[in-house]
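Asker: The primary structure of each chain is shown beneath.
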Amino acid sequence: MTDEELDALQGDLKGIVDYISELSEINTDGVEPTYQVFEMENVWRDDEIKEMDANREELLELTTEEKENQIKVPKVL
Amino acid sequence: MKTANKTVTATQLVKDAFKKAEFFKDYNVFTSLYEKEALARAAEIDERIARGENVGRLAGVPFVAKDNYLVKGTITSASSHILEPFVAPVTSTVIRQLEDEGAILIGKANMDAFAHGSSTENSYFGPTLNSHDKTCVAGGSSGGSAVAVALDVVEFATGSDTGGSIRQPASFNGIYGMKPTYGATSRYGVVSMASSFDTDGFFAKSAEDIELLMDICAHRDEKDMTTLPDFYQESEAKTVKKIGIIKDFNNDTVDAEIRQAVDAKCAELKSKGYKIVEIEMPTLKYVLPIYYIISPAEIASNLSRYDGIRYGFRSENSADLEALYGNTRNEGFMKENKRRIMIGNFVLSSGFYDAYFLKAAKARTLLIQEYAKAFEQCDVILAPVSPNPPFKIGSKVNDPVAMYLEDLMTVSINLVGIPGLTIPAAETKSGLPIGLQVLGPRRSDKTLINFAKEIA
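The listed protein sequences derive, respectively, from chains H and W.
Read in order, the letters of the first sequence correspond to residues 33 to 109 in my numbering.
Read in order, the letters of the second sequence correspond to residues 88 to 543 in my numbering.
Since the hints were derived computationally from the structure, they do not count as laboratory data.
This structure is a prediction, so every number in the text was calculated from the model and none was measured.
One thing to keep in mind: the hints can contain errors.
[Stated by the list, open to error] The list that follows gives simulated cross-link-like pairs (lysine-lysine, DSS-like), each with its CA atoms no further than 27 Å apart:
#1 425/W - 107/H
#2 159/W - 104/H
#3 46/H - 422/W
#4 46/H - 449/W
[Said to hold, decoys possible] Residues of chain W placed beyond 12 Å of chain H at every Cβ, according to the derived structure:
#5 98
#6 130
#7 140
#8 188
#9 238
#10 239
#11 293
#12 341
#13 366
#14 466
#15 540
#16 542
All C-beta atoms in this analysis are idealised placements derived from N, C-alpha and C, irrespective of residue type, glycine included.
Using the sequences and the hints, build the whole thing.
Answerer: Now the structure itself:
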């Protein structure tokens, strides 16, 4: 990002963090956290191989550069 | 819903929809249109109708999908730059369910990129204009879908509601908008925003149409493990007698004309024999901090998949892999996406996790308890959808906190997982729509729809 962009973002984020920090006022002593509202845990299915909606060729077509069934990226190290 | 038959053909319905889409072009509703494909499908449906086949409950009905619904072989950009070239390899369950009943997808609708926003101004393709006043925002994030229905281009559209993204644009455009119980509809094939809130739903012109769409789509889907076992079709609509009004929304934070709309509706309902009860929900004072901590945390996790490697936009000329990730994300994400990714990582970081994320997750429990208590006192809650009527384009988009404040009345039910339905209610003096939302306990979707029909 450019310095200008970083400056603007820093201002925005400070405003947002100040605002969400208002939550510190609320008393949550002894309250259990909620991470999902789905009421269920561990939904199982049979471990069977199934026909999926897309095949390997179709998925590989989505990448920018592909060679011999591998996705090509710039150097890693 | 006007379905095709032997006299009114699907081809005619589709042609009419494209004519209207062209006529209302300057509203910037669509990110893509599929005229050739839609006409081919209409011809096929007309042939089946001519043969006397039952095509389904949505035979030949043209519709629009929010641009975060995947449809195999079509661009699904989520109105972002980073997914601009992304051709979906699968079709979302909801789209398949609708097409199985004979509906015809005519195009994808504009939205805030990745559904981050409340005005559809955060789209890479520019804002969608409000159906009642072109200088005002459409609402968001499903703004394009709402305007497509409000302008009568199509009779229904799909949307997604993570913090109000169906209910608020429905209100801003004077139509119905349904956010089902979390898990009632499948999220398979819809671009994820905040997974513990995301709910797929619909825009339509009547509660009857919403009812039909729910009947078709509210099913367990083995491709989305968070869908609930089928409950909607078997559920009974409860007779609504007591209507709760949230006291905490009856103050200066809410525009006077919106408060008047609530008062007028209450007076009308009282005269029809309903009982109005006032409800206090003190945790609502903190609902936006709770939402704007947990939802960015989930967003940051979900958006980390966009790395430019496997699909979507990839930045050119990066020296190494690390630079490629950075460049792709910097060039590919909109400002608001970046803000939420950074806030999400901040509230999840080891030094701040307890004070922000954990604290918000605990406050979420308090909110769930408060709603449970509220529904002991009333059958449904009637509330404003937003603190203000549709605002001017450009007036809030550069002030993230001001934009977040617009979500004050919508985000709580996503934190709790309960359903909400926006119904058209009034107009401001300047002719802008005001909607109200009806809220109920988990699995009360049918009660809400029935109540909306009753008071329409």
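Asker: Please go over all the hints and tell whether each is borne out by the structure.
Answerer: Going through the hints against the structure:
no.	hint	result
1	425/W - 107/H	holds (26 Å)
2	159/W - 104/H	holds (24 Å)
3	46/H - 422/W	holds (15 Å)
4	46/H - 449/W	holds (24 Å)
5	98	holds (29 Å)
6	130	holds (25 Å)
7	140	holds (26 Å)
8	188	holds (19 Å)
9	238	holds (33 Å)
10	239	holds (33 Å)
11	293	holds (29 Å)
12	341	holds (19 Å)
13	366	holds (19 Å)
14	466	holds (21 Å)
15	540	holds (27 Å)
16	542	holds (28 Å)
Of the numbered hints stated above, none is contradicted by the structure.
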